[in-house]
Amino acid sequence: MDRRDYLGQSMMTAAVLPARAAYLIRTGSHTGFRRAVQEASTRWGGMTEPILAVPDNGEIPDELRETVAAAKVEAAVNVDVDDALAQRAADALGLPCVPIAKIDQAGAARFTCHPLHVNPPVQPSTLPVVAVSGAPLWQVAAAGLLNEDQAAELRPTTLAVRPGQPDEYGRNQMYGATHLQSTIAQFGEHRSSAIGTLPAAVWITDPDDIEDCVAFWNARALRPVSHPGMPMLLLPTGEVQHWLGLAQQLAGMLARPAEFAPDVMLLSKNVPQEQLHEIAEILELQRTDAEVKISEQFPTPALRQPPFTYRTGLEPRPWLLRDREYGLPTSFDVHVFTGDTSTLRFTSPVHFHTLGSWALVRLWGSPLDGLPRRDCVASLVDPNAQWRGDSIQLHTRAQNDYTFGLTVPTLAQATEAVLEEVSARHALSDKGKLGVALQAQADIAALLEPGVYEAVIALTTPRSKELLRELRKIQAEGTADAAQLVELASTWGGRAERRYRPTTKLGLPPQRASEAAERLCELGWAERGVETNCAQCGVRTFHPFEQTQRRPVCPGCSSPARYETTADGLSVFYRLDSFVDRASDQGLLPHLLVIAALTKEEPNSYFLPGLDLWFTDQSRGEADVFGLYSGRVLSGEVKTSASQFTTDQLTHDIELSTRLGSDIHLLAAVDTVPAATREQAAELCAGAGLELLVLDAQELRHT
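Residues in the sequence shown are numbered consecutively from 1, following this note's numbering.
In short, the hints are calculated from the structure, not lab data. Ideal placement from N, C-alpha and C gives every residue a C-beta, glycine not left out. Please note that the accuracy of each hint is not assured.
Below, a list of computed lysine to aspartate or glutamate pairs in the DMTMM-like style, where the Cα atoms sit at most 20 Å apart [said to hold, decoys possible]: (1) K269 <-> E239; (2) K505 <-> D577; (3) K639 <-> E655; (4) K600 <-> D443.
The calculated label-pair distances, taken between Cβ atoms and stated as ranges, are [stated by the list, open to error]: (5) E148 <-> G245: 26 to 36 Å; (6) N533 <-> S578: 20 to 30 Å; (7) E274 <-> G28: 23 to 33 Å; (8) V553 <-> A676: 57 to 67 Å; (9) F579 <-> S559: 27 to 37 Å.
The task is simple: from the sequences and hints, build the whole structure.
As structure tokens, then:
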């Protein structure tokens with residue numbers, strides 16, 4: 001970074017959270033489940049870490065993919081799956097894989113801490129229960145699992161635990177008095193689309209049913225932490241009828257504002273329906289077939305009263321798979337520089353009672369807006385940073401006060417980083433060089449103003465294309481080849497006299513023509529002048545106003561001349577600056593017009609108006625527009641006429657956008673893009689996984 005530009009003071013937000021994992025176990029593996037729960041019981045956030053039963057064929061079902069996507073974990077931890085199969089599963093989930101033996105030493109999952117570091121240094125009045133070795137699976141799933149050595153280490157601390165009576169593993173879930181619930185201290189979502197209040201989920205399982213225990217574990221892992229609007233409870237068959245007062249305790253949990261119905265979803269994978277209804281009767285629940293109703297009311301309605309209702313056969317996953325972002329947040333001010341280090345200081349929203357462990361910090365705010373969510377760009381912010389959604393994620397020590405030195409790259413630097421990642425080499429095309437220079441001279445947004453673009457086109461000097469058209473007649477009759485003619489046309493075109501015209505020849509209404517011509521002069525893109533028409537030699541000449549004389553002279557034959565007039569006075573002509581004239585002749589103006597429209601729609605954007613690209617397979621490409629569109633990578637093609645978008649052209653353009661790793665493919669034309677072209681482009685983009693953005697006369701020339 002070679003510049004240090006002060007952008008001012010901005011507000012940013014930081015969230016502190018643990019790195020969480022998804023545990024991979026063999027389907028039906030009791031040992032694997034116990035080991036995964038034991039590990040989760042020693043990790044901050046462990047109750048929200050899913051456990052995935054990997055099929056023997058290694059194919060990951062959609063349900064597991066959805067679970068991992070919603071849980072937003074950092075790594076897959078192999079508990080007892082074949083190494084090759086575990087790696088295949090992790091790859092399918094888009095996660096790095098680490099063996100459970102190395103979870104604390106290597107990989108992204110290690111950036112967390114023991115729950116002891118985040119729980120209050122005050123021992124609760126009633127010690128929480130935890131399952132011990134040999135306990136039935138349902139107790140392990142409900143309360144967590146520690147071996148004797150792990151439990152002994154906690155006895156002198158404020159996180160001391162105890163084994164419980166069978167009924168306590170059921171009852172204590174309702175009061176947060178299990179060891180597993182201590183793993184979510186100072187942990188939650190800072191953003192969630194979860195529905196506020198939902199029926200309670202009471203899961204029934206046979207004491208050692210691995211499928212039901214895994215299903216309950218994963219449902220609870222996805223339940224919102226900060227606002228748990230769906231109470232969850234795991235109960236075993238064959239025992240609850242002996243637990244005195246359980247129905248009354250459950251009624252206390254179910255006495256919630258009447259914003260939903262039924263009160264309870266009675267769930268199980270394998271317990272027969274008849275047995276579920278028997279347990280519901282023990283719990284003093286009343287069966288209903290009414291539709292599920294969910295609402296948010298103000299003011300809050302009265303509490304629901306017995307008899308509480310239940311339904312079986314419901315699926316809670318649609319309510320649990322809601323989008324969320326984890327971590328406790330805090331906001332702070334920062335003085336932001338681009339091209340150099342900006343120092344961020346803030347007090348951690350999580351209070352760590354002992355230090356020396358690890359955590360994740362995620363940062364977001366306006367200084368990072370507009371940057372593409374690519375790791376090559378994150379590394380410009382910090383060499384070890386990664387994107388997580390719209391946040392920059394850092395691996396760091398768990399501290400109560402943080403200081404980071406981060407670099408905020410410019411959008412130009414971010415664009416360069418993306419190009420370096422997706423191409424072997426790249427350079428501005430000839431049009432791109434002209435366009436960048438023109439962008440630096442004046443505000444190209446003026447091209448969107450009424451008549452300005454049309455005035456530039458009308459004033460552009462006819463050069464190579466017009467000459468080529470004439471010389472092709474010679475080719476039809478003579479022997480010159482096309483390459484020679486193109487070179488000749490280009491050389492000759494640069495020598496043509498620049499065109500100048502009065503406003504009456506701009507093809508615009510009089511008022512608009514005058515305003516557009518004057519706007520070009522204001523931008524420095526055109527100059528005003530007068531014309532002499534020499535009676536001696538017949539040469540017409542443009543004279544800029546600053547070069548006029550009291551007695552005009554023909555620059556060709558030096559004969560006295562006179563400035564052209566009309567009945568209204570002196571005739572005023574306009575002529576483009578030579579640089580603008582050349583840029584327009586090269587077909588650059590549509591590129592700049594499109595960039596102006598894109599930037600108007602999303603100001604926090606950056607574009608290059610023409611690129612030549614080389615790839616590692618020796619192939620080449622050319623993009624008319626490439627850049628960042630409000631944080632997303634955009635590339636595409638610009639045409640003066642939409643008729644040039646043939647099937648082959650569309651296919652080529654979209655393949656190039658795909659190769660460049662674009663998020664958005666741009667199809668732009670100065671005239672109207674037909675519906676058939678839009679539909680064909682949309683179909684091709686959908687197949688390539690690209691978003692399509694079409695700009696035509698409606699957006700570019702609507703004035």
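Against the 20 Å threshold, does the CA-CA distance of K639 and E655 hold or violate the hint? holds, 17 Å
Could you see if the CB distance from E274 to G28 stays within 23 to 33 Å? holds, 25 Å
Compare the distance between the alpha carbons of K600 and D443 with 20 Å, and conclude whether the hinted pair is satisfied. holds, 12 Å
A range of 26 to 36 Å was offered for this pair. Does it hold for the Cβ distance of E148 and G245? holds, 31 Å
Do the Cβ positions of N533 and S578 conform to the proposed distance bound of 20 to 30 Å? holds, 23 Å
Sort out whether D577 lies within 20 Å of K505, counting only the CA atoms. holds, 18 Å
F579 versus S559 beta-carbon gap, inside 27 to 37 Å or not: holds, 32 Å
Straight-line alpha-carbon gap K269 to E239, limit 20 Å: holds, 18 Å
Whether the CB-CB distance between V553 and A676 falls inside 57 to 67 Å: holds, 59 Å
Checked against the numbered hints given earlier, the structure satisfies every one of them.
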